[in-house]
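**Q** Turn these sequences into a full structure, and let the hints steer you where they fit.
In my numbering, each residue's number is its place in the sequence shown (first place is 1) plus 4.
Hints are computed from structural coordinates only; laboratory data are not their basis. A portion of the hints provided could be inaccurate.
Here are the simulated BS3-like pairs of lysine-lysine, each with C-alpha atoms no more than 27 Å apart in a straight line [what the hints assert, rightly or not]:
{"hint": "1", "residue 1": "K389", "residue 2": "K133"}
{"hint": "2", "residue 1": "K389", "residue 2": "K75"}
{"hint": "3", "residue 1": "K300", "residue 2": "K289"}
{"hint": "4", "residue 1": "K133", "residue 2": "K75"}
What follows is a list of derived Cβ distance ranges for each label pair [unchecked claim]:
{"hint": "5", "residue 1": "A572", "residue 2": "D606", "range": "49 to 59 Å"}
{"hint": "6", "residue 1": "A78", "residue 2": "A100", "range": "15 to 25 Å"}
{"hint": "7", "residue 1": "F640", "residue 2": "E33", "range": "47 to 57 Å"}
{"hint": "8", "residue 1": "E286", "residue 2": "D621", "range": "24 to 34 Å"}
{"hint": "9", "residue 1": "D691", "residue 2": "G586", "range": "10 to 20 Å"}
{"hint": "10", "residue 1": "G80", "residue 2": "A100", "range": "41 to 51 Å"}
{"hint": "11", "residue 1": "D691", "residue 2": "P470", "range": "14 to 24 Å"}
{"hint": "12", "residue 1": "V38", "residue 2": "R610", "range": "17 to 27 Å"}
{"hint": "13", "residue 1": "G586", "residue 2": "P67", "range": "37 to 47 Å"}
{"hint": "14", "residue 1": "D691", "residue 2": "A221", "range": "49 to 59 Å"}
{"hint": "15", "residue 1": "D621", "residue 2": "D691", "range": "23 to 33 Å"}
Note that beta-carbon positions come from the ideal geometry of N, C-alpha and C, so glycine has one too.
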Amino acid sequence: MRPATGEDGDHITFCRICTAVCGLVATVEDGKVVRARPDPDNPSSQGHACVKGIAYHGVTHDPDRVTRPMKRVAPGRFEPVSWDEALDDIAARLSAIIAEHGPDAVASYQGNPPAYATDGMTGFRMFLKALGTTKIYGAGSQDTNARFTANWILYGSPLTIDVPDVNNADFMLIFGANPLISHGSLIFTPRVRHQLDAVAARGGVVVVDPRRSETAARYEHVAIEPNSDCWLMLAMLKTLADEGLADEAFLAERCAGWGELQVALAGIDYDDTARRTGIDVETIKTLARRLTASPKSVCYGRVGICRGPHATLANFLLSALNMVGGTFGHEGGSTFATPVLAGSDRATTGGYDEVRSRVGNFPSVTQFLPSAVMPDDILEPGPGKVRALLSLGGNVLLAAPGGDRLRRGLEQLELSVSFDLYINEAGSYADYVLPGLTFYERADLPMVPFMSMVQPFLQYAEPVIPPVGDARSEFDTFCDILARMGLRMPAASPDEVAAQAAGGQMRPLEVLDGAIRQGPAGVHGDWSIDKLRDHPHGVMLDIPIPWGNQEKIAHADGRIHLWDDMVAAELGRLFAAAPVEGLKLLSRRDMRSHNGWLHNVDRLIRSQKPTLHIHPDDAAERGLADGDRATLSNRFGAIEVEVEINDDHRRGTVSYPHCFGHDTGGWQRANRAGGANVNILLGHGPDVVEAVSGTTLMDGIAVEVTALQPA
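**A** Encoded structure:
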């Protein structure tokens with residue numbers, strides 16, 4: 005017998021902070037979650053969970069958490085109101101704005117906290133579709149847009165992702181990723197340290213990064229100049245071609261454009277590459293040879309190659325290394341995710357350049373527009389000017405570029421609604437803050453990892469406790485706003501059409517259940533939410549891995565494209581670019597942090613220290629010692645930081661953590677965390693965006709560090 009929702013005892017559930025979705029056992033006493041521990045019986049995570057998941061109930065029961073609808077009655081001051089009062093006013097004002105200015109006068113921003121909430125995140129997309137707006141901003145342009153744009157070039161679909169078979173690889177080459185801290189972003193790997201240890205024992209793990217990160221320190225580290233990864237990858241591809249190591253049979257059978265890419269490689273000079281990357285020629289060639297020494301080798305990269313001036317090209321070339329090196333489409337290499345849902349074994353088209361931004365004319369990527377142009381979209385007059393902002397779990401002032409200009413934009417909005425757990429920095433400018441649910445208060449399936457599973461897993465979790473206070477499902481809130489506007493959620497399937505005809509509304513979780521029943525998980529095990537209720541710890545699915553499934557290719561010729569006009573243009577831009585001079589700023593993350601939204605949990609934030617890491621030689625040149633205060637600046641702005649001398653960095657690079665500088669009355673512990681908002685140095689507008697993907701230029705940007713003189 006298992007306790008029902010809200011009953012005292014141990015509840016089986018899973019974490020919904022990142023793609024690892026580790027199993028948890030949450031203990032409830034007197035109706036509250038009092039502690040959590042890893043679930044030893046979860047067949048995927050096998051007793052592993054990081055400190056964030058274990059401490060997450062600190063968010064659920066945080067005294068600073070918003071648990072009633074809050075209305076801003078004066079700058080920085082909020083008062084509780086009823087749900088009816090809030091929703092009536094929001095619906096009336098949205099209707100008036102749309103009627104006068106059109107649906108694209110309404111914009112949205114989506115952050116990380118609700119990304120793993122099936123009903124919330126999927127419901128938000130449906131809500132925006134019902135409103136008719138295409139102005140969707142979000143964390144994608146600070147994270148994944150370049151990867152998705154590279155997928156569009158390679159496979160014809162942004163969400164067709166090639167992922168490494170970490171379980172069986174015997175050599176792994178990692179570019180700009182720190183999986184020991186990120187838990188393997190865009191890979192479903194809840195025990196990534198154990199898996200990488202096994203890969204290292206079988207053959208090796210090499211981490212290419214300007215910083216000796218936690219992952220690089222554990223395995224082999226190749227230090228590289230920031231934003232020079234494209235040069236290294238091109239030189240490696242040239243080595244494969246020149247030394248007869250390319251998998252010509254695979255390239256002829258499955259790919260198009262290898263000949264054109266080879267022509268471009270002819271102009272790559274090894275000595276020039278060594279100067280640009282800081283990596284000697286023999287090391288460059290050895291990395292290429294090691295990649296092809298075994299078919300069970302694979303390249304993997306993440307955020308470190310996703311936020312520079314040539315991010316799309318870097319992600320494209322990384323996948324090209326897997327194709328040319330013969331590491332794609334078989335055990336131990338790179339492959340497409342194993343399909344779980346109905347339709348997920350087939351190619352899906354669309355998702356790139358479906359709309360264009362009003363400012364800068366940038367393409368959308370998986371519906372997201374570049375956040376760097378959002379301030380101007382609010383402030384610049386003209387048709388399509390943003391007048392209302394709907395933010396789901398986002399804190400644009402600390403997570404997105406824009407600085408003071410973005411702050412001015414938030415002040416000028418005619419309507420701003422924040423669907424969130426806290427009154428955060430951006431939310432302090434909202435007219436209303438409407439409380440949603442933490443993962444202990446909602447039912448879920450592991451929705452996001454479905455697109456990156458090699459060994460697929462399913463788990464269904466019931467709510468551990470009822471909603472705290474007056475908090476409620478975001479999906480219900482969206483439906484109620486639409487109803488007050490005379491609208492309803494759009495139906496995307498025959499079952500939903502039938503439900504609406506009968507006067508009902510299917511929840512996204514119910515739709516996902518149907519996709520499980522009708523897809524490979526249903527065919528190969530008759531799985532459904534009902535059946536998963538009898539397997540609370542989750543199940544590994546016995547679904548054949550479709551190595552290199554050609555049905556996932558959306559291009560008309562059915563081939564992987566290793567050349568495109570966009571690639572040619574991006575190569576031309578790379579070849580013409582001058583190296584960045586002076587110090588270069590990198591981002592850094594902590595095991596206990598996930599952007600900024602966990603900064604109010606004392607157990608997680610108390611031992612974090614937002615300091616500027618700088619190489620000893622660079623510090624000495626500037627007269628800096630440990631603990632000194634300094635100004636970190638560039639042409640966009642300046643922030644005051646504390647210096648920490650650290651020889652993990654390549655000389656000429658500094659790093660600072662993201663999403664600090666809290667300064668609102670909404671969360672007291674976060675305000676005491678210290679630090680500064682590094683996004684002030686990112687600028688805003690079209691000049692700080694990679695054109696093809698809308699990616700914000702966040703890593704490797706030029707900065708100066710100057711010692712602060714004592715007052």
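**Q** Of the hints given before, which are not true for this structure?
**A** Hints 10, 11, 14 contradicted; others consistent.
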